[in-house]
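Given the coordinates of chain A, assemble chain B onto it according to the supplied hints.
These protein sequences, in sequence, are chains A and B. Just so you know, the working numbering puts 310 at position 89 of the first sequence, and the rest follows in order with no gaps. Just so you know, the working numbering puts 82 at position 59 of the second sequence, and the rest follows in order with no gaps.
For the record, the hints were derived by calculation from the structure and aren't laboratory data. Treat the hints loosely; a few may be bogus.
[Said to hold, decoys possible] To be clear about the criterion: a stretch of chain A counts as covered by chain B if any three or more of its residues have a C-beta under 8 Å from a C-beta of chain B, and this derived list gives those stretches:
| # | stretch |
| --- | --- |
| 1 | 280 to 293 |
| 2 | 323 to 334 |
[Said to hold, decoys possible] Computed cross-link-like contacts, DSSO-like style, restricted to lysine-lysine with a CA-CA straight-line distance of at most 27 Å:
| # | chain 1 | residue 1 | chain 2 | residue 2 |
| --- | --- | --- | --- | --- |
| 3 | A | Lys289 | A | Lys322 |
| 4 | A | Lys322 | A | Lys279 |
| 5 | A | Lys322 | B | Lys37 |
| 6 | B | Lys101 | A | Lys322 |
| 7 | B | Lys37 | B | Lys101 |
| 8 | B | Lys80 | B | Lys34 |
[To be verified] Calculated from the model, a selection of chain B residues having no Cβ within reach of chain A, i.e. all distances over 12 Å:
| # | residue |
| --- | --- |
| 9 | Pro31 |
| 10 | Val35 |
| 11 | Ala36 |
| 12 | Arg38 |
| 13 | Gly39 |
| 14 | Ala43 |
| 15 | Leu44 |
| 16 | Pro84 |
| 17 | Asp86 |
| 18 | Phe89 |
| 19 | Thr99 |
| 20 | Arg104 |
| 21 | Gln106 |
| 22 | Ser110 |
| 23 | Val136 |
| 24 | Leu137 |
Only a predicted model underlies this, so the values are computations on that prediction, with no experimental measurement involved. C-beta: ideal position from N, C-alpha, C; glycine also.
These are the residues of each chain, in order.
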Amino acid sequence: AQSVTQLGSHVSVSEGALVLLRCNYSSSVPPYLFWYVQYPNQGLQLLLKYTSAATLVKGINGFEAEFKKSETSFHLTKPSAHMSDAAEYFCAVTENTGGFKTIFGAGTRLFVKA
Amino acid sequence: GAGVSQSPRYKVAKRGQDVALRCDPISGHVSLFWYQQALGQGPEFLTYFQNEAQLDKSGLPSDRFFAERPEGSVSTLKIQRTQQEDSAVYLCASSLGWVQETQYFGPGTRLLVL
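Excised from the complex, chain A in its bound form:
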């Protein structure tokens, strides 16, 4: 059965610093992996996704993530944090078995300090 673990429920960085949000997954078959962002009082929106093409995936707002099969990880990074990046970030996995069940992690809230 698939599962997602996000390490750290809260991450705080200074403006301009590197952002690293960790995600590890468990899947019995090659997965599809997603990062979604939820800004305050807004719905979830897709940041980026891995669908078995390039292992380094670039998304919106300067975010990127690298799929590492050997480590079962899909960590999200951004070289330089902006104040506007403060939000909740969710990692999600869907198994490529014909089913559509998507499992989300518990989320990581990112705080950006001026």
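Structure of chain B alone, referenced to chain A:
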């Protein structure tokens, strides 16, 4: 174009009441998902439709929860005899239909059961 819309945005129910939550997906989207998001948690999968067919309802927590999408567009999630533990945000998402496709989320319905 219009995104996914949900109504009502907020619902307060007395314990034991029945509630109905509506989701209007993006026009032409084949797949429709319902999720339950408790405070401080990630979305939890409830059920999935492909057109009018409910292909996966493994996440529905009890037989008090029922979802339908009779004409393959609008969907309704019904909760009978609401309990306090049903209090959560109920999210609807739609996608074009392939498992790797992006899910587009609505703003959610916040349900509070007193």
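Status of the hints after comparison with the structure:
Counting residues of the stretch 280 to 293 of chain A whose beta-carbon sits less than 8 Å from any beta-carbon of chain B gives 0, not enough to reach three: the coverage restraint is violated. For the stretch 323 to 334 of chain A, the stated coverage by chain B holds: 6 residues have a C-beta nearer than 8 Å to a C-beta of that chain, and at least 3 were required. Restraint check: the Cα-Cα separation between A:Lys289 and A:Lys322 comes to about 22 Å, which is no more than 27 Å; the hinted pair holds. Taking the CA atoms of A:Lys322 and A:Lys279, the gap is near 24 Å; set against the 27 Å cutoff, the hint holds.
For a cut-off of 27 Å, the pair hint linking A:Lys322 to B:Lys37 is broken: about 31 Å separates their Cα positions. Between the alpha carbons of B:Lys101 and A:Lys322 the distance comes to roughly 20 Å, so the proposed pair stays at or under 27 Å and holds. Taken as a hint, the B:Lys37 and B:Lys101 pair is honoured in the structure, with Cα atoms around 15 Å apart against an allowance of 27 Å. At most 27 Å may separate the alpha-carbon atoms for a hinted pair to count; B:Lys80 and B:Lys34 meet this at roughly 23 Å.
Remark: the non-interface label on B:Pro31 is consistent with the geometry, its nearest Cβ contact in chain A lying 15 Å away (cut-off 12 Å). The claim that B:Val35 is not at the interface with chain A holds, since no C-beta of that chain comes within 12 Å of its own (minimum 18 Å). Distance check on B:Ala36: its Cβ is at least 22 Å (rounded) from any Cβ of chain A, clearing the 12 Å threshold; non-interface status holds. With a cut of 12 Å on Cβ distances, B:Arg38 stays outside the contact zone with chain A, its closest approach being about 27 Å.
For B:Gly39, the non-interface assignment is confirmed: its Cβ lies about 30 Å from the closest Cβ of chain A, beyond the 12 Å cut-off. The claim that B:Ala43 is not at the interface with chain A holds, since no C-beta of that chain comes within 12 Å of its own (minimum 20 Å). Against the 12 Å criterion, B:Leu44 stays outside the reach of chain A, whose nearest CB is about 15 Å from its own CB. Every CB of chain A is more than 12 Å from the CB of B:Pro84 (nearest about 15 Å), matching its label as outside the interface.
Its beta-carbon lying about 19 Å from the closest one in chain A, B:Asp86 satisfies the requirement of being farther than 12 Å from that chain. Every beta carbon of chain A lies more than 12 Å from that of B:Phe89, the smallest distance being close to 18 Å; the non-interface claim holds. Remark: the non-interface label on B:Thr99 is consistent with the geometry, its nearest Cβ contact in chain A lying 19 Å away (cut-off 12 Å). For B:Arg104, the non-interface assignment is confirmed: its Cβ lies about 26 Å from the closest Cβ of chain A, beyond the 12 Å cut-off.
Chain A leaves B:Gln106 outside its interface by the beta-carbon criterion, the shortest separation being 23 Å against a cut-off of 12 Å. At roughly 18 Å, the least C-beta separation between B:Ser110 and chain A is larger than 12 Å, which holds for a residue marked as non-interface. The beta carbon of B:Val136 sits about 22 Å from the closest Cβ of chain A, which is more than 12 Å, so the claim that it is off the interface holds. For B:Leu137, the non-interface assignment is confirmed: its Cβ lies about 23 Å from the closest Cβ of chain A, beyond the 12 Å cut-off.
Hints 1, 5 from the earlier list are contradicted by this structure; the remaining hints agree with it.
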